[in-house]
Amino acid sequence: MIRLAGQWSDYGREVNAHAHTMGVELAQLESELANVESQLSTTQEQLSTAQSRITELASEKALVGDDRETQRLLAEDTAQIATEALGVSSDLASCVTRQTRVLDTLVTLQSNQSDLLTERTKPARDQDTDIISSLEETLGETRTKLTDVSQTATETCEGATERYNALVKELES
Numbered sequence: 002m003i004r005l006a007g008q009w010s011d012y013g014r015e016v017n018a019h020a021h022t023m024g025v026e027l028a029q030l031e032s033e034l035a036n037v038e039s040q041l042s043t044t045q046e047q048l049s050t051a052q053s054r055i056t057e058l059a060s061e062k063a064l065v066g067d068d069r070e071t072q073r074l075l076a077e078d079t080a081q082i083a084t085e086a087l088g089v090s091s092d093l094a095s096c097v098t099r100q101t102r103v104l105d106t107l108v109t110l111q112s113n114q115s116d117l118l119t120e121r122t123k124p125a126r127d128q129d130t131d132i133i134s135s136l137e138e139t140l141g142e143t144r145t146k147l148t149d150v151s152q153t154a155t156e157t158c159e160g161a162t163e164r165y166n167a168l169v170k171e172l173e174s
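Residue numbering for the sequence shown follows the numbering used here, starting at 2 and increasing by one per position.
Quick list of in silico lysine to aspartate or glutamate cross-link-like pairs, DMTMM-like style, CA-CA up to 20 Å:
(1) 123 to 137
(2) 170 to 85
(3) 170 to 78
(4) 170 to 77
Restraint-style ranges between C-beta atoms, simulated for each label pair:
(5) 47 to 7: 56 to 66 Å
(6) 49 to 11: 53 to 63 Å
(7) 152 to 118: 20 to 30 Å
If you are wondering where the hints come from, they were derived from the structure by calculation, not from laboratory data. C-beta: ideal position from N, C-alpha, C; glycine also.
Modelling step: build the complete structure from the supplied sequences, incorporating the hints.
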């Protein structure tokens, strides 16, 4: 029995030693677990921060992309408007040129009429029928030219006005 008691006592010490070792190991494992959990928590926070930043960067990049697209579209629109404005300017310049031709033709017509009137107001014996015929022919040609240049000027100016109004309407919309 003493021997049995001694065996039980030895067994108890072994169990206590083993329990102590297991307790130390458990404490170390719990410490490691706490450390790993802390690292995991830190890593999760970093991941969350990184995800937020990635989302922000993606949004910023999308906005930059949108801004670039907006700028590209604006540049295209500006180029189209500039091209159209140059066309309107050219049309208006043509209109002015045509109106100047009408005025020049009117001046020529007035001069021809004045010359014809001067010749016709002379006494009959001093009138030169060849000059009168020539002036009447020139006057007829000038009237025909006036009709042609007036029609061309009217068409050109109406086209320029329509194009100008279309550009203004486009700019206002």
